[in-house]
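Fit chain L to the given chain E structure using the hints.
2 protein chains.
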Amino acid sequence: MNFFLETLQVLLLSIWYNVESFVHLFVPRRKKSIAGEVVLITGSGSGIGRLMAQEFAALGTVLVLWDINQDGMKETARLAKLSGASRVHHYLCDCSDKNEVYRVSDQVKREVGDVSILVNNAGIVTGKKFMDAPDSLIEKTMEVNTMAHFWTYKAFLPAMIANNHGHLVSISSSAGLIGVNGLADYCASKFAAVGFAESVGLELLATGKDGIKTTIVCPYFINTGMFDGCQTKWPTLLPILNPEYVAKKIINAVLTDQVFLLLPKSIYLITALKNILPMKQGILLGQYLGAFSLMDTFKGRSKKQE
Amino acid sequence: MNFFLETLQVLLLSIWYNVESFVHLFVPRRKKSIAGEVVLITGSGSGIGRLMAQEFAALGTVLVLWDINQDGMKETARLAKLSGASRVHHYLCDCSDKNEVYRVSDQVKREVGDVSILVNNAGIVTGKKFMDAPDSLIEKTMEVNTMAHFWTYKAFLPAMIANNHGHLVSISSSAGLIGVNGLADYCASKFAAVGFAESVGLELLATGKDGIKTTIVCPYFINTGMFDGCQTKWPTLLPILNPEYVAKKIINAVLTDQVFLLLPKSIYLITALKNILPMKQGILLGQYLGAFSLMDTFKGRSKKQE
Numbered sequence: 001m002n003f004f005l006e007t008l009q010v011l012l013l014s015i016w017y018n019v020e021s022f023v024h025l026f027v028p029r030r031k032k033s034i035a036g037e038v039v040l041i042t043g044s045g046s047g048i049g050r051l052m053a054q055e056f057a058a059l060g061t062v063l064v065l066w067d068i069n070q071d072g073m074k075e076t077a078r079l080a081k082l083s084g085a086s087r088v089h090h091y092l093c094d095c096s097d098k099n100e101v102y103r104v105s106d107q108v109k110r111e112v113g114d115v116s117i118l119v120n121n122a123g124i125v126t127g128k129k130f131m132d133a134p135d136s137l138i139e140k141t142m143e144v145n146t147m148a149h150f151w152t153y154k155a156f157l158p159a160m161i162a163n164n165h166g167h168l169v170s171i172s173s174s175a176g177l178i179g180v181n182g183l184a185d186y187c188a189s190k191f192a193a194v195g196f197a198e199s200v201g202l203e204l205l206a207t208g209k210d211g212i213k214t215t216i217v218c219p220y221f222i223n224t225g226m227f228d229g230c231q232t233k234w235p236t237l238l239p240i241l242n243p244e245y246v247a248k249k250i251i252n253a254v255l256t257d258q259v260f261l262l263l264p265k266s267i268y269l270i271t272a273l274k275n276i277l278p279m280k281q282g283i284l285l286g287q288y289l290g291a292f293s294l295m296d297t298f299k300g301r302s303k304k305q306e
Numbered sequence: 001m002n003f004f005l006e007t008l009q010v011l012l013l014s015i016w017y018n019v020e021s022f023v024h025l026f027v028p029r030r031k032k033s034i035a036g037e038v039v040l041i042t043g044s045g046s047g048i049g050r051l052m053a054q055e056f057a058a059l060g061t062v063l064v065l066w067d068i069n070q071d072g073m074k075e076t077a078r079l080a081k082l083s084g085a086s087r088v089h090h091y092l093c094d095c096s097d098k099n100e101v102y103r104v105s106d107q108v109k110r111e112v113g114d115v116s117i118l119v120n121n122a123g124i125v126t127g128k129k130f131m132d133a134p135d136s137l138i139e140k141t142m143e144v145n146t147m148a149h150f151w152t153y154k155a156f157l158p159a160m161i162a163n164n165h166g167h168l169v170s171i172s173s174s175a176g177l178i179g180v181n182g183l184a185d186y187c188a189s190k191f192a193a194v195g196f197a198e199s200v201g202l203e204l205l206a207t208g209k210d211g212i213k214t215t216i217v218c219p220y221f222i223n224t225g226m227f228d229g230c231q232t233k234w235p236t237l238l239p240i241l242n243p244e245y246v247a248k249k250i251i252n253a254v255l256t257d258q259v260f261l262l263l264p265k266s267i268y269l270i271t272a273l274k275n276i277l278p279m280k281q282g283i284l285l286g287q288y289l290g291a292f293s294l295m296d297t298f299k300g301r302s303k304k305q306e
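Protein chains in written order, with our numbering: chain E, 1 to 306; chain L, 1 to 306.
Take these hints with a grain of salt, some might be off.
[Said to hold, decoys possible] Take a look, some chain L residues computed to stay more than 10 Å from chain E by CB distance:
#1 Gly36
#2 Ala58
#3 Gly60
#4 Ile68
#5 Leu79
#6 His90
#7 Gly211
#8 Pro235
#9 Leu238
#10 Lys249
[Unchecked claim] Simulated restraints, written as ranges between beta carbons of each label pair:
#11 L:Lys74 <-> E:Leu11: 47 to 55 Å
#12 E:Met131 <-> L:Leu5: 29 to 37 Å
#13 L:Lys265 <-> E:Leu12: 22 to 30 Å
#14 E:Thr297 <-> L:Glu111: 41 to 49 Å
#15 L:Glu20 <-> E:Trp234: 19 to 27 Å
#16 E:Pro235 <-> L:Trp234: 40 to 48 Å
#17 L:Phe22 <-> E:Gly208: 42 to 50 Å
#18 E:Asn163 <-> L:Leu82: 54 to 62 Å
#19 L:Asp71 <-> E:Tyr245: 57 to 65 Å
#20 L:Glu20 <-> E:Thr236: 27 to 35 Å
Honestly, the hints are just simulated from the structure, not real lab data.
Quick reminder that beta carbons are idealized off the backbone N, C-alpha and C, glycines included.
Looking at chain E on its own, in the form it has when it is part of the complex:
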């Protein structure tokens, strides 16, 4: 196609996509059915993972739960069955260990079948100033929050590619879009998760595998215990999120094939501004919004909760 025609086509389609987006501000998008899909959720023994399991259960899916916490996972399985899951399988799996991820993936494929909705949700946080963070925790943060995504893709993406059908859900964070004081290793791992999911998503599109969707979730702090103690300065603009609300939004994003889900909505604005404003103004606004002191009162999940 020549330059003129290609440019004209891009312009017309651009207008059309903007009209479509505008209309969908008022008209909800059509939801796909996921009944019968095999949904794997890592880190589903507590928090958002458990709540997503309950939501997916209510939609008639087969659930595969992974966690390092056996008791938490059993409780999730019980709740998922109550919510209507046809089958629930659970596996102890430490996502920081590549070999274990591969071993348990093989077991899932043998015992349950191919996973068609992969939710990379397991995540950990060090919660220390970078110089105070032990190397072992920094490495583990990268292994769980980033590298486990690589290995689960390696394990479950081939079947999705063969069927040109599936959904890859990456639970990242607003700290995967904007750097945060006191979360350097966490930010590195969550930025990486975003870049990885985005790139593979484009690779699938480019290779014609448009039946495999990607959803990248970037929520602000959620009230699940993981970030216990953290305080938000302007709760109207940047509220600490309710876990049930986040789980419902994630499921809705999956059902409507939404690629990026940022929560709360103000994160869209803040992310956009970050790339446009002068650096000094960005830092000023960060201070104003309390982004510099978010982690000052961090306590995190108590041992008992884990």
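Frame of chain E, contents of chain L only:
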């Protein structure tokens, strides 16, 4: 401070910073002197690393070169001396190996002294579709392009903090801001480098260490061999960059304490648009700009060049 006063202050400063930014579109920023600073450049045996070494040499710095390529590093040392470096030290160091990074860092501190300008430049690229990329190369990409930044910060940041003086330069990539088909592991590692450098930069500001500056460099493809074979579709908008040009721009960014340096300038626009446009339009524009086929003709650095 109360809400009203704080908001007013933010508004007034915001206006001032925008005026300042506008003025600096026409009036160059003041450059700092870095004569006598100890500059460590990882991966300085070739490419941009070598060119930066020559530029830093001409500014009267003490140079510390790291690379896995002894011959390349010696050639860089020779060129740096020609360019006027007072002292040039070079060390074999494999940045994929944490223990080696720590060992060589200790050696540098003993033999040369504290590093005050740390340039994390070493980088590798797999250049394969994600499912075709061997795990070992994916892991190595994360180790060199991301984790080595952690360990060099651990090694050299304490002295900078003690003196409240230093500069952290992270050579990331435009692929650290925008996902690219065919570069999933590279994007993960480069996104992580951006998030990490940004977070530690904010941490230093928040803890009052404002004498330590951060510069994050995100260039499009550079004609150094690393991305040999790659073709750009619209060379006017997204030219394959000239390495000498990039090196000069990086040094200029360091001398003017510029936080983000995106090259070419169109990357600023593309990054900003990515967060604003409807997803479908973003993908459409990506295809239009050739972002889907960038890696189709990738050959990379030949063994001989390495």
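Distance restraint hint 40 to 48 Å, applied to the beta-carbon atoms of Pro235 of chain E and Trp234 of chain L: Check passed, 45 Å falls within 40 to 48 Å.
Cβ separation check - Gly36 of chain L to all of chain E, threshold 10 Å: For Gly36 of chain L, whose nearest Cβ neighbour in chain E is about 25 Å away, the distance exceeds 10 Å, so it holds.
State, for the Cβ atoms of Met131 of chain E and Leu5 of chain L, whether the hinted interval 29 to 37 Å holds or is violated. The hint (29 to 37 Å, Cβ to Cβ) holds, given that Met131 of chain E and Leu5 of chain L are roughly 34 Å apart.
Whether the CB-CB distance between Thr297 of chain E and Glu111 of chain L falls inside 41 to 49 Å: Cβ of Thr297 of chain E to Cβ of Glu111 of chain L: about 43 Å, so the range 41 to 49 Å holds.
Over 10 Å from every CB of chain E: does Leu79 of chain L meet that, or does the non-interface label fail? The claim stands: Leu79 of chain L keeps its Cβ more than 10 Å from every Cβ of chain E (closest is about 33 Å).
Holds or violated: 22 to 30 Å for the Cβ distance of Lys265 of chain L and Leu12 of chain E? holds, 27 Å
Minimum Cβ separation between Ile68 of chain L and chain E greater than 10 Å? holds, 22 Å
Is the nearest CB of chain E more than 10 Å from the CB of Gly211 of chain L? holds, 15 Å
Beyond 10 Å from every chain E Cβ - status for His90 of chain L: holds, 26 Å
Would Lys249 of chain L pass as off the interface with chain E, using Cβ distances and a cut of 10 Å? holds, 16 Å
Looking only at beta-carbon atoms, does the pair Glu20 of chain L, Trp234 of chain E fall within the given range of 19 to 27 Å? holds, 26 Å
According to the definition I'm using, a residue is off the interface if its beta carbon is farther than 10 Å from all beta carbons of the partner; does Gly60 of chain L meet that for chain E? holds, 28 Å
Checked against the numbered hints given earlier, this structure breaks none of them.
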